[in-house]
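Asks: Could you build the full structure based on these sequences and the hints that come with them?
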Amino acid sequence: MATFAYHNFLWRFEFFVAAKNLKYALNPVSMIQCITRNFICSSRFLQLAGAALGIWLLASGWLSTASAQTFAVSGRVISADDRQPMVGVSVQEKGTANGAVTDASGNFRMNVSSPSAVLTIRYLGFADLEEAVQGRNTLEFAMLPSSNVLQDVVVTGYKRELRSDVSAAISSIKSKDIEKLVVVGLDQALQGQAPGVMVTQVTGSPGDDIAVRIRGAGTLGNNNPLFIIDGMPVSGNINMFAPGDIESIEVLKDGAAAAIYGARAANGVVLITTKRGKAGKPAFSFEAYSGTQQVANLPELLNAREYLTIRNEAIANANTLRNPANQLPLYDPAILDTLPDINWLDQVFGPAPMQRYALSAMGGSDNGRYYLSGEYQTQDGIFQGQSFDKYQVRFNGEIGNKILKIGNNFSFSHTDRKLIGASGDGFGPGNELSGIRYALIAAPVFPGRYADGSFINVTSELGDPTLFGDGNANPLVFIQNTDWTIRRYRVFGNVFAELEPLKGLKLRTTLGGDFQFDREKLFKERLSPAIYEPTSLNEGRVFNQTLIWNNTLDLQRTFGGHRISALAGMEAIQNHTDYLGASANNFRRTDPLFRYIDGSIPEALENIGASGIATEWALLSYFGQVGYSYQNRYVLSAAVRRDGSSRFGPNNRWGVFPSFSAAWNISNERFFRNVRFVSSLKLRGSYGRLGNQEIGIYPFSSLVRTGDRVYAFGNQIVTGASILETGNSNIRWETSTQTNAGLDATFWDDRLSLTADWFVKQTDDILVRVPTPQAGGSQRPPFVNAASVENRGLELGLIFKNRIREFNYSIGANFSTIRNKVLSIADSEPILGGFGLSDGPLTRTEPGYPVGSFFLYEMTGIFQSQTEIDAAPFQTVNTRPGDVRFADLNGDNKIDDKDRRHIGNPFPDFTFGVNLNFNWKNFDFSALVQGVQGNDVYFLYGNFAYETQLRGFNSYRDILNRWTPTNTNTDIPKVSVDDRNGNRRPSTRFLEDGSYTRLRNVTLGYNLQNVLKWKGLSALRIYVTAQNALTFTRYPGLDPEIQANANDTRGLGLSSDLAVGIDWGTVPAPRTIIAGINIGF
Amino acid sequence: MKLLAPLFLLLALLTGACTGILDKEPIATLDAGSFFQTETDAQQALNAAYRPLLFSNTNNNFYWAFGVVTADEAITGGDGSRPGITEMDAFTYTPRTEEFNDFWKLQYAGITQCNLVLDNLPKIEMPESRRKQIAGEALFLRAYYYFLLTQVFGDVPLFTRIVPPDQLKAPRTPKATIYAQITADCDQAADFLPAQYPASEAGRATKGAAWALAAKTYLYTQNWEKTLEYIGKIKTLGVYSLMPDYLDNFRKNTQNNAESVWEIQHTNLELGVGNFLNQWWASKKFEGYGFAEVTPEYVAVFEPNDPRRRFTVAMNNEEYFGVIYKNSFSATTFGVRKYLQPKAEVTQKADGDINYTAIRYAEVLLWEAEALNELGRVAEAQAPLEQVRARARAQAANPAATLPPVTATNQADMRAAIRRERQVELGFEMHRFFDLVRWGIAAQTLPGFQAGKHDVFPIPQSEIDLNPALVQNPNY
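Chains as they are written, first to last, in the numbering used here: chain D, 1 to 1081; chain P, 1082 to 1557.
Think of the hints as simulated: they come from the structure by calculation, not from any bench. Check each hint, because a few of them may be wrong.
[Claimed, not checked] So the derived list for chain D, only partly shown, Cβ under 7 Å to chain P, looks like this:
#, residue
1, 158
2, 323
3, 614
4, 644
5, 712
6, 717
7, 722
8, 773
9, 776
Just so you know, even glycine gets a beta-carbon here, dropped at the ideal spot from N, CA and C.
Replies: Pasting the structure below:
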C-alpha cells in the first residue's frame, strides 16, 4: 500500500512538472536517480528501513483499518464575529487524509467514511473546531479567532505544562513557525526566532557547527547551551538532525526554567521535541527541494597592474629608510606582459548545488501511534572541496492503554562531511593552513599553472617570493592536495515506559543512548619541501557512547480551584569515549585507492604511528519540582536538583541548584474582566541557581604525558615523561544565579501578543585557566574558580496577527539587549586572548569590561609632515609622513604598550528578528529578517588586506587610496615593505563595526491542492525561497557573522568566548535560492 | 497508592547503588601526583629535559638565527615567511617578534623539566649513584638553558625549583646572580657526572661539559683566571683532543668524538628528533628554505687556502653533497655547508641527523688563548692558537704555504688573530653574534646595530603582558 502510494505520487509529480512546464530547479529524472542511487539502493538504508518497517508494521497492527467513503456531507463555514463566509478553510475528516476546502461562498462538499465521522475545521488565526457529523448531511460552522495563545502546551524539561502555568522565561518555537522557512539545519530554525537567543553560523561551510548563546556569554569557558532532544542530552555537532522532524523547540532561558537541568544548565537549555504520531489514518508527507548556493559578497582585490604599482611603491618607500647595502630593486612594469592577471577568489568560489528529500508517515489509533521519517540531503560548499551529505531515518512510536504506555524515539543518521579551509583562523577541523586565507592573499600575478596546464605547487617555485607570494600554497593545489573527511554514524534515541496507576499520577522510566561512531581521515599529498612534506595520512576512529537512565514520578491533582503538581526523579548519565588513531607517511601512490595506512611505503616502519586513548565521565542527579496554581490566577513553582559529577574531586563532587518562580494571571481576576482590549495579562518572576561542569574531564588531576620520543642517546631514541597539565583538586562548581521578571500579555482578542523579560544573570566561581608566565614551562595552567561575570538584559517579543477578508497576516518581532561585564577575576590579573599572527593578544578580559573586549592602540590619523611627527608624542625613530599616528593615551609623550585601552566590544548592543507571514488566497509569503547591531569585529584579515607588501600578497583594492605625498586625505597609511612604524600593530585601524541586518529567508509559496483538488492529496504546495538574500552591513570583510575561537596558545579551551570577534577570513554564509514542493497524502 | 511504596523503594535502591559511577580516574594517562615512584620515572622525566636542546621541527629553536643571521655570517634568505628572522637581520625587530617568544618558551620548558626532576629526586628510592647521575645531568641542563637565556635576553627570572603558578610573576634576576647559579650548578654537576660514557649513552652531560660551561660563563664575565682554571680541569681529564679531520665534527659517523665536549644529538629515526637546520639552511635548490645565506664579508675572512673555507662555505662549481654547487643556489652566491646533508641520507629533509656540537675542544683551546692574551700572557696564548691552526694547516693542499703560525707579540695583534681564528674555526656554530657583543665591537661590525640597545634582545611582549613584574630591556 505504501509502496503503491509512493509510485503513484512520483508519477503525479512528473506529470505535474511536465504539464505545467515549470522550470524549477527540480528535475524529476535526476531527482529519482538521486534517490535511487544514494538512498534506496544503499544497503545501509535497506537494513534500516527493514528494521524500521518491521517496527512500524508491529505498531500498525493496532490500527483500525480504513473503510469505504460512503456518507455525503456539505456545509458552510462562517466567521463567528461578523457572520461572513470564510474562504479557503480546511475541512477534514478526523484521522484521515480525506478533506475539502471552502469556496468563495464558504461552502464545502465531501464524502466521509461513516455517518459518525468527526470533522476538523482549521484556518490560520482561528481556533480549530471539531464536530461529529452524527448522521447530518448539512452542517454550519462558526469559527472564533484563535484561542488564547497562553493556552499552548510547553515542554518544560521532564514534563509538559500549560503555558498559563509557566512562571519561568521560556521561548517556544513550534513546527508551524519554521516549516515554511525551508530550514537546512537547526541553526536556521533558531536564528532570529526567539529573543535572547543569538545563533551564529561558525562558517559558511556545509555541515559546520553553530554557536548558540542564550542570554550572552555567561562564562569564560564553554558557553554552549545544553541541547536535549526528546529527553536525551546531546553533545557535539548536531548537524545530523532533520529539521523536518521538529515538533517544537523550547529555549529555557532563566534560572527557574533551566534549574531542573542543574549542573549543565548555566548556559541555558534548548529542548527539542520531535514529531509523534496522531490518531488516525496514515498521513504521508513528502518534501523535496533543490537549490543553488552562491557566494554573495566578495571583496575587490588588486589586479596585476595595480598590484605591481603598489609593490614598487612599497619597495621605494622602504628603500628610503634602508641602508645603501640593503636596497631592494624595483620591478620593471614591462614584466606585466609576461605575467597573468588572476582573480583568485573567482578560482576558489563557485556555485554549489544542494538538495533535500524527506518522506514521513504518521498515524495511529488510541492504542498505538507512530511517526516514521527518512531524509536525504546533499550539499556542496561554495568554497571548492567542501560538501556535506546526510542520511537520516527516524521512528517514534508509542503503544499502550490508559494505564501503561511504552514507546520509543529512535534516529539513525549517517553524515559525510568534506572539509577544507573554511575558517582563516586555522583552527577546527579542516582549517589547517586555511585555504580561504590563501585565496584571499594570493598574488594576482601568480599564474597557478605551468604552460602545460599542470599546477604550480607553491608560489616560490617561480623564484621570486616577494613578487609571487612567499612560498605558501597555490590555493587550488592546496585544496586539491588535502583530503579531509569526517564520516559519522549516529544512533540516537530512547525507550520509555509510563505507568499511570491512578489518574494524575505518572511513573516514567526512560533508558536512552547516543552512540556515535566517527571516522576521520586526513590525507595530505606532498606539495613541496615547505608544505605537506612528506605525503601523510592520519586516520582516527572515535566511538562515543552516552547512556542515560532517568526515572520520574509525576503527580497532577486538581480540586476546587487548586491545581497541584509534583515531580520527583533521578537521572544517571555515563559517557565513555574511545579513540584509536593511526598515521603513516610516504605513499607509494597518492590516488584515493592508496589512501590507507598500508598504502604507505612499508620499509619505512618508523613512519607508521598509532595512538589510543579513552575518557569517561558520569553524572548522577536527583531532582524535584512542585507547582501550585489557584484558579488560574496565582502560580507558584519551586525546583531543586542535586548533581554529582565525576569531573570534580571527591570533596567537591556534589552541587545543589534550587529555583523558585511565581506568576500572576491578572487577566483572570474579577476586577480585570472589564478591561476589554487586554485579552490576557500575566506577570512572572523567578530566581534560580545553575551550574556548569564543562571544564574538561579530569581537571582535578595533574597529567603526565609519557611515551613521547624526546631525544636520542647513542643514536637510540628514548622516551620521556613531561608534565602536560597541572590539576587542581579543590575546584568547585561554577554557579550562575539568575533573576528574571517577565510579562506576557495579549490585546484585542489576541491579535497582538507581547512577551517581555528583564533579567540579571551572574556567574560566580567561573572556572578558568588563568594564563601563567611561560617561565613556568609549557604545561597548561590549572583550572581555578577565579572569576565572576554578569549579564543584564531585556528581551521583547511581539506578534501581531490579523485578517482582512482573504488576506491573513502576522508580523512577529523580537528584540534583545544584553550588557556583559566581568565583575572580578582572581588576582585582578587580566586574561589575554586572541593571539593572532605575531601581534600579541588582541583581547583582554578584566573586571569592568565585557568578556573578550578588545585592547588596542587608538589610531588618530595619518602623519602628514615631519613637523607634525616632531611635535607629536614619540612613536619610533623611523616614523615618517604617511605613517599611522597613534594616540598617547597615558600622556607620557611616547607611544608604547601603556597606550592600549579597552576600545571595542565583541558583543552587540542589541539583536533582533522580524518575521512576516502573509496568506492571500492560495499564496503564502514569509520573510525573516535578522540582525545584530553595535558589535565590534577586529578585522584581523585586514592586516593582510592592507599590509602585505613584505610577503608578496595581494591587497584590497581600497589600498589604491593609500597615503602618498599627493593623496593625503585618506585613512590608509603609505605602503612599505618594511613596517618600521608598526602600522599593523593591534589598533583601532582594524576595528570595524560588525552590525548587520540580513534578510535570512524570503519564501513565496502557492497551494496547488486548493486549485487542483486532486483526490488522495491533502496538501500540495510549491515554493521558492531565497536565503541570505540581502545583507546590509558596513563591514569590509567577507561576512560580519563570525564566531572565531579563542586562538589561544595557552590551553584556555577553544570553545571559550575570549576572542570571538576576530575575523581571520572565513568562508561566508552562502546566498541560496531554493525551489521545492511539499506533498501531503 | 499501595503500589507506590515498593516502587519508590526500588527506585531508591537502584539509584543508591549508582554513586560509584562518579569515581572516574584518567584512563591511559598518568597522574603527576603518583608519577614519581621509581628510578625509571626519574629517568623518563630527565630524558624529556633534553628535548628543548634540539633544532627539531617541533621546537621552533631559533638559537641559530641569533648566532648566525643577526651576526655578519649570513643574511636572511628564504622566502620571507619568517618575517622575524628578516627583522633580526636588519635590527628592525620588536618585543613582538615571534621568534623571541618561541625561544623564551623553549628554554623555560627545559628549565621547568629539570626542576621537576630535581624536586622529585629526593623522594624516590634508588641507589645513590643513580640519584647523583640524574641530578648531575639535570643541573647541567638547567645551567645550559639559563646560559642561553642570558646570552639572548640578559637578566631573566631565575627559578631553581617548581613554583606554584602565583609565584611565577617574578621580576628579572640580575645576570651576575644567574651566572653565579650557572657556575655553582656546573660545579655540582661535575662532581656527580662521569668523564665519559659508553657509546650507547653518548650525548649525556659529562664532567668535561659541566666544566666547559663554567669556563665559558667565566669567559663571558671576563674572569680570565677562573676561565683558565676550568680549562685546566678539562685538560686533566685527558679525554679531549682535536680530531685530525676537521670534518669529523660534521659527519654522522664520526660524531661524539674526542673533540666533542657538549654535543646536541639529532637523529632521523623519527620525526621530531632530527635536525631541522638541514631544511632551514639548505638552499632552495637543495630541498631547503635557504634561510641563512653566507655573506661575502664572511668568506673574505679566510686566509688563502684555508681548507676550512671549503668545509664551511660552498662556492660555484664545487662539489656539494653529491651535486655541483652553482652561484644560483644562493642570493649571495655562497652556500652554507655545516649541518647539511642530502635528502637521500635521511627519511625527511627536515629530520637531519647531524649533531650540533655546542662546545668543541677547539673552542676550549681558543678560550684558553683568549684568556691568556687578555691577562697579558701573549706568548703563552700562541700555543693553544697554534694547536687549532695546525690541525687546519695539515688538511691544506700545500701545508707549508698555508696558515703560518701566529707570532704576534703584542696583545692587540694577538687579540685580532684569536678573534679571526674563532670566526673561521667556529663559523656557523652560533657563536659569532654573542662574541661581537661580548667584545664590544658589534656596533662597528654590524650595520644597524645600536650599542646600548641591541646587545640583548627584547623580553617577549606577551611574557611582559603575563608578568607585569618584568621590565623591558632598555630602548625597546
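Asks: Is the interface hint satisfied for residue 323/D? The criterion is a beta-carbon contact with chain P at less than 7 Å.
Replies: Where the cut-off is 7 Å and the nearest Cβ of chain P is about 5 Å from residue 323/D, the hint holds.
Asks: Measuring from the C-beta of residue 776/D to each C-beta in chain P, is the shortest one below 7 Å?
Replies: Hint holds; residue 776/D Cβ to chain P Cβ min 4 Å, cut 7 Å.
Asks: With chain P as the partner, please determine if residue 773/D meets the hint condition of a C-beta pair closer than 7 Å.
Replies: OK, holds: residue 773/D within 7 Å of chain P, min 4 Å.
Asks: Is the hint on residue 614/D kept, meaning its closest Cβ partner in chain P is under 7 Å away?
Replies: holds (4 Å)
Asks: With a cut-off of 7 Å, does the beta carbon of residue 644/D approach a beta carbon of chain P closely enough for the hint to hold?
Replies: Holds, about 5 Å.
Asks: Given residue 722/D was flagged as interface, is its beta-carbon under 7 Å from a beta-carbon of chain P?
Replies: holds (4 Å)
Asks: Restraint: residue 717/D near chain P, CB-CB cut 7 Å. Satisfied or not?
Replies: holds (5 Å)
Asks: Next item in the hint list is residue 158/D. Is there a CB on chain P closer than 7 Å to its CB?
Replies: violated (14 Å)
Asks: Hint check: is the beta carbon of residue 712/D less than 7 Å from a beta carbon of chain P?
Replies: With Cβ-Cβ at 4 Å, under 7 Å, it holds.
Hint violations for this structure: number 1 only, all remaining hints satisfied.
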